[in-house]
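Participant: Take the given structure of chain A and dock chains B and C to it, following the hints.
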Amino acid sequence: MAKRIGLATWQEITTGCVVFEPGSASEYHTGSWRAQRPIWDNVKCIKCGICYVFCPEGCVQQSEDGFFKANMDYCKGCGICAHECWPRAITIVEEK
Amino acid sequence: MAKRVGMEVAVAVAEAVGQCDIDMAAVYPITPQSHIAEHLSDLVADGKINAEFVTVESEHSAMSAVIGASGTGARVYTATSSQGLMLMHELLPIASGMRLPIVMGIANRAVSGPLNILNDHSDIMPQRDSGWISLFVENGQEAVDLSIQAFKIAEHKDVNLPVCVNIDGFQLTHMVEPLELPDQELVNKFLPPRVPYATLHPSKPVTMGAFAMSDYFTEMQKAKDEALKNSKKVILEVWDEWAKMFGRAYKPVETYKAEDAEIIMLTMGSMGETAEMAIDALRAKGVLAGLIKLRLWRPFPFEEIKAALRKAKKLIVTDRAVSFGGPGGPVFSEIKSALYSEAHRPAMYNYIIGLGGRDVTVKDFIGMFEKVIPYSVEKTVDTYEFWGVRES
Amino acid sequence: MNIVENFDLYAPRLINKKELLSAGHRACTGCAEVLAVRLMCKALGENTIIASATGCMEIVSSMYPTTAWEVPWIHVAFENAAAVAAGVEAGLAGLRRKGKIDDRYIKVVGMAGDGGTMDIGFQALSGAMERGHDMLFVCFDNEAYMNTGIQRSSGTPMGASTTTAPAGKMSSGQETWKKNMPEIMVAHGVPYVATACPSYPLDFIRKVEKAKSIKGPSYIHCFSVCPTGWRCGSHLAIAMGRLAVETGVFPLYEVEKGKYKVSSEMPKALKPIKDYFKGQGRFRHLTEEEVNDIQKKVENEHQRILHKAKHLKAWD
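Residue numbers (this note's numbering), protein chains in the order written: chain A, 223 to 318; chain B, 84 to 475; chain C, 31 to 346.
Honestly, the hints are just simulated from the structure, not real lab data. Predicted, not measured: the structure shown is a model, and the values here were computed from it. Every residue gets a Cβ at the ideal spot worked out from N, C-alpha and C, and that includes glycine. Be aware that a few hints might be false.
Claimed, not checked - Within a straight-line C-alpha distance of at most 30 Å, the following computed DSS-like cross-link-like pairs (lysine-lysine) qualify:
1. B:LYS131 - C:LYS128
2. A:LYS291 - C:LYS47
3. A:LYS291 - A:LYS269
Claimed, not checked - In silico contact screen, one side only, chain A against chain B (beta carbon under 8 Å); selected entries:
4. LEU229
5. ALA230
6. TRP232
7. ILE235
8. VAL241
9. TYR250
10. GLN283
Unchecked claim - Covered by chain A, per the in silico footprint, the following chain C stretches (three or more residues, Cβ under 8 Å):
11. 48-56
12. 89-99
With the rest of the complex left out, here is chain A (with noise of 0.2 Å):
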């Protein structure tokens, strides 16, 4: 579907509701909600990848280095990541 302006009319639309564009639910960043973000301390971060594996979004990101990120367009501050965190290296704080 070409980028348009505004919702589509009803010739535009796809038939019969199909959706062609895989994962196209990324476009709404549900970062939005976030009351909470978490912040790592790769000084204790053991690289386990227990965040990445736990979060309900799978916004948690490996860098090049190894370490560990949540993408702040998604993450809805539920935190899991840092409640399972082992050496607890994540922690939760409010959101400005």
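Facilitator: The following block gives chains B and C in isolation, referenced to the frame of chain A:
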């Protein structure tokens, strides 16, 4: 080679479907559809149809399974009647909303309460608003022909809608009739493989059945409505092609001695043949009687109905279902509504006939005409009447 | 500090990195069910078609004109995920047989919540499993009709307060025991049945991979913590799932052709269930007597599974 046979209509329908290279069928038995299901399973068991045949545990699952299979791009078929169709009711607008080609044979049967397994149209009438293309047949040949045509109509790139073929249960499905099963080579030529709009396949992942909020729901419904209305063009083209290839022509509204008729009767389904005999008898007595037979129910053939009734003074609409407490039988209401803005409208009369398999004879049809002949043309009887009901 | 036993330090390398459910879905903050779906997709891979029932997972992922799904996915109605999946499986089989599509193996998966599996979806699932379609069915059990506002289902545990079986002066919440769906699946002759929980991600992934390899029906019952419906903190979703297993409220086991096997993650000694009830608002109203009653029942169920694991042989 086309095969001329004397065959039970339900069995012939299964044979016809078997000629269409279906990929999958899902059925649940219900009288009087069961012979279609049984013969299909015989054909599969003997290797004459190469398709996945799923004997589901309910009609709701039959419709669900064919929706799922149609989503993969398969050519699919199911059949049902009455309570089975009512159980599928929830899914019919979903099937059409998802714009998936499905062909369903309906062996029309009365809807309960009370329970009745015999023929009338109360099962199909509640499905009017479901967004399905709906066709009615009068005899075994039509059942065969329309079942094959239905696949082509449903799968057409400008249509992509499910189609149901209505065949009077017992009155038609269980009759042995002389008919011709078309030549397989010609059917192959007529019906090329399906080219789906979208398929469920990992090579190109799509999402089917997304939900729509109020910002998109109206547009989806509008698009479906336009598709259903425009499918008439495709249906006429398909009938044209069928006439050229197989020599049998079909029209949305079939007429019998209606061109110069003053009093016209309308029927749907197998009763048309009986009504024709009544028309002949009346003509012999000097009554300018005529018959129109509604073949295309959805999309509603407005132009053809208006054209057929342009000169008629009186119209008797026979309904085989009741819209309880409403403005008349379903067909009566729709015809009346279709003619509302016409400069000339015939006086209209509505008889509810043949409920629960009650026989309607030539004498009954003649009786209906004789009843309305003395009425003045200014009088459209605005109520409906249960023809032949026993009253104290 | 929560120690996760047996968790391999090299976890990131064991788990498929590809995300087949994109971020941007509208699941509640801290939803363990969507996490389970995310992990299930990692185990399934790209050659998968998913047929989903109406419910939380369907709603949060498929708002037109976008979708979070990166595998082929179809939703039709609430009670027919298993029938739709059966239809997809049959459609593919028919097309493949005639050479209309290539013969790559595609795993068909039906998924639904506890309502769409155990209540309204029961018939379709029973039919599909009885017919032996080559498909996996996963029940994501968050123990109530969450998407419509936390109404009770047959998956709601005894004692839980829901909006249609609430705790009140005359009522203690759910009065019946959770319907034993895995047992019902075993009774259908399903060759692989398993219970799982995303708090034990490697175990869950292994079970999905095992189911994927079965050519025939398989069933996984996935315990899905719902912080919103269970009234607990959003950060506790994983911890709650772990407690459910550790207290025996949700035992982890597999049944392969009738042979029961308790999963290695199950502890030998069970913690008291009040540890599990403690953090959840839906159990807050229970008296000590009621908790003890439930404790006894949980221990009985646990013993039954241990007994089956010890004594029942495989079917052939």
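Participant: Going back to the hint list, which numbers does this structure go against?
Facilitator: 9, 10
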